[in-house]
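Trainee: Sequence:
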Amino acid sequence: SMTLTLPLLNAQDDDQDDDEEEEEEDQDEESDKPKKKKKTFMHVPVSLAETAHANARLLFDKYRAAKDKSAKTLEASEKALKAAEAVAQKQLEAAAKSSSTSNVLVAQKRKSLWFEKFHWCITSDNYLVLGGRDAQQNETLVKKYLRPGDAYLHADVHGASSCILRAKRIKLTDGSSHVVPLSEQALREAGHFTICRSSAWASKMVTSAWWVQSHQVTKTAPSGEYLTTGSFMIRGKKNFLPASPLEMGLAVMFKLHEARATERRDFALAEYEAHLKEKLQIEEEEKQKKVLIDEEEKKKKKLEKEEKKKRSGNW
835 SMTLTLPLLN AQDDDQDDDE EEEEEDQDEE SDKPKKKKKT FMHVPVSLAE
885 TAHANARLLF DKYRAAKDKS AKTLEASEKA LKAAEAVAQK QLEAAAKSSS
935 TSNVLVAQKR KSLWFEKFHW CITSDNYLVL GGRDAQQNET LVKKYLRPGD
985 AYLHADVHGA SSCILRAKRI KLTDGSSHVV PLSEQALREA GHFTICRSSA
1035 WASKMVTSAW WVQSHQVTKT APSGEYLTTG SFMIRGKKNF LPASPLEMGL
1085 AVMFKLHEAR ATERRDFALA EYEAHLKEKL QIEEEEKQKK VLIDEEEKKK
1135 KKLEKEEKKK RSGNW
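All letters in the sequence shown, in the order written, are residues 835 to 1149 by my numbering.
Straight-line C-alpha distance at most 25 Å; calculated PhoX-like pairs for lysine-lysine: (1) K1089 with K945; (2) K913 with K903; (3) K1002 with K951; (4) K901 with K913; (5) K1143 with K1132; (6) K1121 with K1134.
Worth flagging that the hints you see were computed from the coordinates, not collected in a lab. Only a predicted model underlies this, so the values are computations on that prediction, with no experimental measurement involved.
Please work from the sequences and hints to get the whole structure.
Mentor: This is how it looks when you write it as structure tokens:
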């Protein structure tokens, strides 16, 4: 076999075009780069054992096979492109449908409640406990949120924050508000919260907290002394709570719909008013009994005095 080198049919035309392009280009030495010469010849393998017609047939068979392969490749590429377009279209339609329904399903971001900027918890009997995160919040809690009827809690431990146990206030149907007394369970749980939010948690030290009434807390320091931010003076007796273990839990709270919450609130208000009315009635009955007993005692003493006078006169 041998290889023939044949010139390409359009080699001469390409050379003329290249010459015209080179004349039009700017001959800047800095931007000149060696150009790659175009291929003007083609190498054709020829078998000496075959005739010219046989060699031509072999070359034509190779050309036809390459052409068929190129056509199949182009056809397969078109099919793959159409399939990809169909998949993309389906994905776009699905995304459009999901986006139209997601607006209904996705809930709005919940608005934070006013007390969530502090450390907080809710006792088993639904009393709110608040604790300061730093000295400035301790100051804010006492000055702004400590009300008459609330309890102030603290612990004689380094790093213990000021905590307040908020008393419940119920607005009665007649427009007046009534302060619900703090329960013993709420005070114990609030003291537990106070200890766990102090340095006792890290040091694993079991100790107890104490509480006082709101009117016992003051910012007025004794003469010659100064109270720093977040520090307070306590007037009167401290009520110490029993020691509690260093345990805290986590709960998930669910917010009721406004209509349902109003219904439950009205029911609780009616129930509390009935309980308060019954309590006041019992207290009134006890008061009347006490008045009757006192009158009986007075009558009895008066009779005894009269008896004594009669005896002394007869004697």
